[in-house]
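Line order of the protein sequences matches chains F and W.
Position 98 of the first sequence, counted from 1, bears residue number 98 in my numbering, the numbering being contiguous throughout.
For my numbering, add 1000 to where a residue sits in the second sequence, where the first one is 1.
Worth double-checking, as some hints may not be accurate.
[As the list claims (entries may be wrong)] With a Cα cut of at most 25 Å, we get these calculated PhoX-like pairs of lysine-lysine:
| hint | chain 1 | residue 1 | chain 2 | residue 2 |
| --- | --- | --- | --- | --- |
| 1 | F | K203 | W | K1115 |
| 2 | W | K1115 | F | K199 |
| 3 | F | K199 | F | K255 |
| 4 | F | K330 | W | K1115 |
| 5 | F | K160 | W | K1184 |
| 6 | F | K141 | F | K160 |
| 7 | F | K203 | F | K141 |
| 8 | F | K141 | W | K1115 |
| 9 | W | K1184 | W | K1115 |
| 10 | F | K255 | F | K203 |
| 11 | W | K1040 | W | K1115 |
| 12 | W | K1040 | F | K160 |
| 13 | F | K141 | W | K1044 |
[Claimed, not checked] Take a look, some chain F residues computed to stay more than 12 Å from chain W by CB distance:
| hint | residue |
| --- | --- |
| 14 | V146 |
| 15 | D307 |
| 16 | A329 |
| 17 | V408 |
[To be verified] From the structure, some residues in chain W lie toward chain F, with a derived Cβ separation under 7 Å:
| hint | residue |
| --- | --- |
| 18 | L1011 |
| 19 | R1028 |
| 20 | L1030 |
| 21 | D1038 |
| 22 | V1041 |
| 23 | R1042 |
| 24 | A1108 |
| 25 | L1112 |
| 26 | I1276 |
Don't read these hints as lab results, they were simulated from the structure.
Even glycine gets a Cβ: it sits at the ideal position worked out from N, Cα and C.
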Amino acid sequence: MSKPVISVEGLGKRYRLSHEKPHDNLRDSLTHGVRGLMRRLTAPGANARDSEEFWALQDVSFDVAQGDVVGIIGRNGAGKSTLLKILSRITEPTRGRATIRGRVASLLEVGTGFHPELSGRENIYLNGAILGMARVEITRKFDEIVAFAEVERFLDTQVKHYSSGMYVRLAFAVAAHLEPEILILDEVLAVGDADFQRKCLHKMNDVTRRQGRTILFVSHQLASVQQLCNRVIILNRGAISHNTTTAAGIALYSKQQDKIEGAAKTIHYGRELTLLSLQFTSDPVQVFADLHFNFQMKANEGCRIHDLCFLIHNEQNQRVAVADFRQPAKSYELAAGQILSLNGTLRRIALLPGSYQVSFYVRTSLHGEDHQIIQSFEVIQDATAGLMAYPRWDLGTVAMDATFAATVAQGSA
Amino acid sequence: MEPNSPPEIILEAGRANRNYWHDLWRFRELLGFLAWRDIKVRYKQTTLGVLWALIQPAVTLAVFTFIFGKLAGMPSGNAPYPLLVLCGLLPWQLFSAAFSNASGSLVANTHLISKVYFPRLIVPLSSVAVALIDFAVVLVLLAVMCLWWQFTPDWRIIVLPLFIVLTLLTAIGTGLWLTALTVKYRDFRFVVPFLLQVGLFLSPVGFSSTNLPNWRFIYSLNPMVGAIDGFRWCLLRGEPALDPLNLAISIGMAALLLASGIWYFRRTERTFADLI
Chain F
1 MSKPVISVEG LGKRYRLSHE KPHDNLRDSL THGVRGLMRR LTAPGANARD SEEFWALQDV
61 SFDVAQGDVV GIIGRNGAGK STLLKILSRI TEPTRGRATI RGRVASLLEV GTGFHPELSG
121 RENIYLNGAI LGMARVEITR KFDEIVAFAE VERFLDTQVK HYSSGMYVRL AFAVAAHLEP
181 EILILDEVLA VGDADFQRKC LHKMNDVTRR QGRTILFVSH QLASVQQLCN RVIILNRGAI
241 SHNTTTAAGI ALYSKQQDKI EGAAKTIHYG RELTLLSLQF TSDPVQVFAD LHFNFQMKAN
301 EGCRIHDLCF LIHNEQNQRV AVADFRQPAK SYELAAGQIL SLNGTLRRIA LLPGSYQVSF
361 YVRTSLHGED HQIIQSFEVI QDATAGLMAY PRWDLGTVAM DATFAATVAQ GSA
Chain W
1001 MEPNSPPEII LEAGRANRNY WHDLWRFREL LGFLAWRDIK VRYKQTTLGV LWALIQPAVT
1061 LAVFTFIFGK LAGMPSGNAP YPLLVLCGLL PWQLFSAAFS NASGSLVANT HLISKVYFPR
1121 LIVPLSSVAV ALIDFAVVLV LLAVMCLWWQ FTPDWRIIVL PLFIVLTLLT AIGTGLWLTA
1181 LTVKYRDFRF VVPFLLQVGL FLSPVGFSST NLPNWRFIYS LNPMVGAIDG FRWCLLRGEP
1241 ALDPLNLAIS IGMAALLLAS GIWYFRRTER TFADLI
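Go ahead and model the full structure; you've got the sequences and the hints to work with.
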């Protein structure tokens, strides 16, 4: 077994949060310095610090083997970006060490260093150089990049005249043609139109599988993590909570999320209704499995609920389904203080793997209509035994549950 | 890349990167690209374009000739007064442009510093290139003026590149200090124009340094004094004569500024991404 490509031992990163104004000007810093000195002279034992320490990462250790594609997931502020910044050498750790064996390219943003006044052609060279490509390498791949970005006609137009779609495509195209041994990606696939994203993922996937490249990948889209990665690291408040296989990691992460969100949400619909809780108890759900849910709603005033629906949105923010909870020929009547509880099942989820946002659509006798995104769930799909999964972008828009009987016989004709 | 010998990088707190200078060499193309970007963008969407590089020195030249040559009646040796002034303006403009570009370079490239790794020295170094372009344009003005006054420089002109280098090193040394300080204290953005304004009058741009016979020694602590005297010596047929001791003082100061600038820059470089 060869040495791991990345070994991280006890890595920590501390930031100082200053409670007063940050010292970005000299006078502050001088007066602070003087005041601190005075305080230390007058009261030697006292703690003269006005700033609070904050560990963005603490005691993080893991190894990454060559060819691994590791997804790093965690809530906002869990330390994902800090970790990637340290491994990309943008900032240095406060404690611990990381050993990296191989050429690293990191992509923490799409189109870093693009200059609006320069043409597409010029930006390809500039951006390539910034990402660490040699001039000859860029020249060699130039036509491929241009074709990939589909901007041939605008190659000599200044980038500031590009549409945002073209801009992102060009930036992606350069990045997709990087060939380092270790690639670090931060959330970069979250922008751009869906079709082009797929093309990029596809290209990266392809390159990784074929050439045994190692990838570290931060994303909020569990579906793309599921698709690209073979391992998952879950970060929670700057520490690793799990380092495991993709399927296990995603299941664990969704559980964690649920606990956090189920507890914290109370949402008001007008003055009269408060949503106390909403839980998807079987999240994440396999494709074609049942998704169980329950919610409680409290009436602050007497009212009648005419409409009550889940609106389900996909990652592109398109509404893909509605679950209707109206009752035939009667409406929900609530007196002040009463609680409406609803237990139910969304049966045989025919949604593609991915993350879905759920909002409540509510219309009452007192208040107009209202809907707010309140909860999300994940649809996942284990690889069918013995079959290779088709890539996400080839799957269409809904999941299809097909049964079939096949016979093979000698043709009569 | 040979698969059996991948480069091994160790990231640790306070660990100086042993491969820094090697990395700097490896990223030399990026240095070129950034310089090229700045040059390309410099005169985009201006009607007069590169003429701007001429207008400023031409106006300063006229004003200084009038004030120091006509009003104050200072001597200019065997060369016409405007030539004397231009030979001072040339290195001064080069210094002032290179210094102010380098000083602002890190903050101007915040988006790169917080998103990509490369040896940060590349940023201030590449920003100096634009100043050289403007310098070349003013050199043409000098050539035209020499033709006009029928004044031909002698063999000493071949030493001129040395003084260009002295000017650049002075600008880089001071620029490294200021750009690294500006990352943490934005106050230094206001210090730069102030320093340049004062420096213009503390350097012998509008007059010859021979007008200060008693204070030459202390005066030479300003490295631009050596550079400007050197320019005049090269271009105006060895007049005024160069004093080796004063020149050595200027060169020594430039070297000190450069060495300390690199030292401070390298010391603070690791924290740039956190502070910027």
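Consistency of the hints with the structure:
1. Of the pairs offered as hints, the one joining F/K203 and W/K1115 holds, with about 23 Å between alpha carbons and a cut-off of 25 Å not exceeded.
2. Using a Cα cut-off of 25 Å, the hinted pair W/K1115 and F/K199 holds, with the two alpha carbons roughly 24 Å apart.
3. Among the hinted pairs, F/K199 with F/K255 is inconsistent with the structure: their alpha-carbon atoms are about 31 Å apart, more than 25 Å.
4. Distance check on the hinted pair: F/K330 and W/K1115 sit about 58 Å apart at the alpha-carbon level, beyond 25 Å; violated.
5. Simply put, F/K160 and W/K1184 have alpha-carbon atoms about 31 Å apart, too far for the 25 Å limit, and the pair is violated.
6. A hinted pair counts as satisfied when its Cα atoms are at most 25 Å apart, and F/K141 with F/K160 qualifies at roughly 23 Å.
7. For the hint pairing F/K203 with F/K141, the CA-to-CA distance comes to about 14 Å; that is within 25 Å, so the pair holds.
8. Taking the CA atoms of F/K141 and W/K1115, the gap is near 23 Å; set against the 25 Å cutoff, the hint holds.
9. Between W/K1184 and W/K1115 the CA atoms are separated by roughly 18 Å; this keeps the pair inside 25 Å, and the hint holds.
10. Between F/K255 and F/K203, the direct Cα distance comes to roughly 32 Å. Violation of the 25 Å bound is thereby established for this hinted pair.
11. Between W/K1040 and W/K1115 the CA atoms are separated by roughly 23 Å; this keeps the pair inside 25 Å, and the hint holds.
12. Proximity of W/K1040 to F/K160 is assessed by CA-CA distance (about 15 Å); at most 25 Å being required, the pair is judged to hold.
13. About 28 Å separates the Cα atoms of F/K141 and W/K1044, which puts this hinted pair outside 25 Å; it is violated.
14. With a minimum CB-CB distance of about 18 Å to chain W, F/V146 clears the 12 Å threshold, and the non-interface call stands.
15. Once the 12 Å rule is applied to beta carbons, F/D307 is consistent with being away from chain W; the minimum gap is 47 Å.
16. Listed as a non-interface residue, F/A329 keeps its Cβ farther than 12 Å from every Cβ of chain W; the least gap is roughly 60 Å.
17. Against chain W, the non-interface label of F/V408 holds: every CB pair exceeds 12 Å, the least being about 46 Å.
18. Restraint check, W/L1011 versus chain F: the minimum CB separation of about 4 Å is within 7 Å; hint holds.
19. A least Cβ separation of about 10 Å between W/R1028 and chain F goes past the 7 Å threshold, and the interface hint is therefore violated.
20. Proximity of W/L1030 to chain F holds as hinted, the smallest CB-CB distance being about 5 Å (cut-off 7 Å).
21. For W/D1038, the shortest C-beta to C-beta distance to chain F is roughly 9 Å, which exceeds 7 Å, and the interface hint is violated.
22. Interface hint at W/V1041: satisfied, since its Cβ lies 5 Å from the closest Cβ of chain F, which is below the 7 Å cut-off.
23. With a cut of 7 Å, the hint placing W/R1042 at the interface with chain F is violated, because the nearest CB-to-CB distance is about 10 Å.
24. A cut of 7 Å between beta carbons decides the hint on W/A1108: the least distance to chain F is about 12 Å, and the hint is violated.
25. Hint on W/L1112 holds. Least Cβ distance to chain F is approximately 5 Å, under the 7 Å limit.
26. The criterion of a C-beta within 7 Å of any C-beta in chain F is not met by W/I1276, whose closest approach is roughly 10 Å, and the hint is violated.
Hint compliance for this structure: hints 3, 4, 5, 10, 13, 19, 21, 23, 24 and 26 are not met, and every other hint is.
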